[in-house]
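Protein chains: 2
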Amino acid sequence: MKKDFVIKGHIIWSDSLKHLNAIPHGYLVCEGGLCTGVFRALPDRYAHLPLKDYGGHLIMPAVYDLHLHAPQLAYCGMGMDLELIDWLNAYAFPEEAKFADLDYARRAYTVFADTLRSSYTARFCCFATMHAPATLLLAELLEASGLRGYVGKVSMDRNAPADLCEPSAEAAARDCEQWIVDMQARFTNIKPMLTPRFIPSCSDALMERLHKLADKYGVPAQSHLSENHDEIAWVKALCPTSKNYASVYDHFGMLSANAVMAHVVYPQDEEITLLKQRRTMVAHCPASNTNLRSGIAPVRRLLSAGVRVGLGSDVAGGESIDMLRAAAEAIQASKLYWRLIDQAAPALTFPEVFYMATKGGGSFFGKAGSFEPGYMLDALVLDDRALRTTCDLTLPQRLERALYRSAEIKLTQKYVDGTPLFEEPVTKP
Amino acid sequence: MKKDFVIKGHIIWSDSLKHLNAIPHGYLVCEGGLCTGVFRALPDRYAHLPLKDYGGHLIMPAVYDLHLHAPQLAYCGMGMDLELIDWLNAYAFPEEAKFADLDYARRAYTVFADTLRSSYTARFCCFATMHAPATLLLAELLEASGLRGYVGKVSMDRNAPADLCEPSAEAAARDCEQWIVDMQARFTNIKPMLTPRFIPSCSDALMERLHKLADKYGVPAQSHLSENHDEIAWVKALCPTSKNYASVYDHFGMLSANAVMAHVVYPQDEEITLLKQRRTMVAHCPASNTNLRSGIAPVRRLLSAGVRVGLGSDVAGGESIDMLRAAAEAIQASKLYWRLIDQAAPALTFPEVFYMATKGGGSFFGKAGSFEPGYMLDALVLDDRALRTTCDLTLPQRLERALYRSAEIKLTQKYVDGTPLFEEPVTKP
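If you're matching them up, the sequences are chains R and X in order. For what it's worth, the working numbering labels the leading residue of the first sequence as 482, then goes sequentially. For what it's worth, the working numbering labels the leading residue of the second sequence as 482, then goes sequentially.
One thing to keep in mind: the hints can contain errors.
A pair counts as met if it fits within one copy or between any two copies, since identical chains are not told apart.
As the list claims (entries may be wrong) - Think about it this way: if two alpha-carbon atoms lie no more than 25 Å apart in a straight line, the pair counts; the simulated DMTMM-like pairs of lysine to aspartate or glutamate are:
(1) Lys672 <-> Glu658
(2) Lys499 <-> Glu564
(3) Lys579 <-> Asp873
(4) Lys579 <-> Glu904
(5) Lys891 <-> Asp864
(6) Lys499 <-> Asp562
Since the hints were derived computationally from the structure, they do not count as laboratory data.
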């Protein structure tokens, strides 16, 4: 039974790409895990609820990480001089192979769950490895963390190292189905997600079987789409009769409002239309696209076309699990896109990326990422006092600084689904 | 009298663009503020010196910030949706005008000195404002911080707001000269630097007078060069007979081994040749060039031509004073340069930016930024235990992670010129 309560502070949230709401010294009422509303003065009818006063701290919706790789945190920030394929072969695949060992998985995934818990992220979509036992263990650790999200056992049955390549599409699908059944039986807050790594590593036979599992169990899907030129050419060679990369996923039912496609750096117009029609969520991962030299995703084009776009850290292609930083990086990448690629694509604005990081990406998880009535209460309480200044700042200015300088501020509390995650010192009466 | 001592830990330093030295559990000997050498085993002749054992921590040379604006820290990370000229008018100029008030300056510069002291930076070149009293106060606070560096009273006598525009070239030069005399009389570790803001804000008459002051007092110079297209066009309009932007500075004696030019985003080949001939230091500021939508500096071209290149945070064009992060950002920017502008310009490597951040930029201050014998001892002791991993890492891998994930590590100690800046818990015997 979730508690009803009130939190007080400088409250900021977004309800659209263009609009920030800011209420100084406001009251955010939570009932049964859901937002009732934000009030300038506390209505009498809530006066009986316990109130936590965060004083001058900022209170904003939590942020959502739509794309990251749990086994990659162990080498995050390393080997960044390598290009994608070399990097996969030097780091990603040898590391993923280690997760056949459940003891190793426990050590590595404990670090991952701890790190994600103490980050700004409330909900996430993450890749694990092909190993069902290790992936169940990851889900167990994440379930215990208090976070919410989707975990994917990775499917690969071609073009993968022998020890990471499933023996057949049939065996892969059988293994995946059992894993889904186990996940749904054991966990409430952490849910399974179909995770074909990407088209080059999944045969048509496997994709067809995953499609059937999606329908049978009602589970969402995640994959990579149009990350870089070589990958796109590879998909074209593997699927010569397909119109384009996105249409291959679409053919297997993998584009829907229940799917996340990471990257989308080089979409054709037809692919953008398809993503829009299917209401597929794009996970924009600016740091990763830079680090792996992929390029810059045309986010302005996607938004203008009405495609849903959220943000992803893509750890360890991205070097940081910090999704406030990812929001700032999305602006930075879009500025270089404008300068170097297309001056008809204005840079993303601070309200736009704030929306993408919160309500935009949050919509993948239901009513999440805003403080509108009926939204699940996911909130961050930010102590930005370390950002000392002699200027008088508005709340949006303070929030902007918190995004750009997230490394310097403190996360005082994180509420996920109406529950505070961290112990706090008892407030004196 | 500086103390002689030994520090022990995992020691990493660079002596060239291509080469990293790493000695695990090594001994760094310091005598009279200078490095004697790094040893795998401590030679008997140093056995009598006090030894500080940093255990598993990383010890690297300190980093150097060749370009930042002290009065801008107050609004660092704000207004990032504005373009250069709007941003200057909305934030930079109104804020700089406040420094006519010495009380305000004391409050703002105290924050700046504290922040810089606790950063990874050991030595710096910073802009102040046009106000001599406030700039002397800044120098006083920085002198007390234990850091080393140059402070510049900004010179502007045209194209500036009335309250920041000096009344005449003559008055500006007189004011500047008195300020230099005061600086040299009062401070040992913080030195004056001629600081014409940039060509558009300095008349020829002022530049000529600053040139004479440079010769008379042997002080170095700093300015901005080729930051963005509009600025370059403006300089061309103001100086129609000049070959190019760099040659204007050169005409006034402002290009030399004793000068720092920030940005250099759009250099012509002739300008690169001139910078190389004059041995001028370029301060590459990747975050600022992105945030202000200037573009990406062609650092590979500069390095290949033999131009000296160090790094700058350019606070508040850049949003972070963290020069380890700036080093990672220099790699990231160069990857996008390669991808989007010129595939004949390979991305900067981790050893290259490490060199630029340490010995490369450090050379502006003398023998600084390396642990070679005779170098001034500027060193950082880094506690990277928060970067938990289940992988076995080499020292260069740990250092690479420390750069990319500098927000997550701790600065245990910073040695500047042979002196530790922070108090440390007494080590148990």
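Starting from the hint list further up, note which numbers the structure goes against and sort them upward. 4
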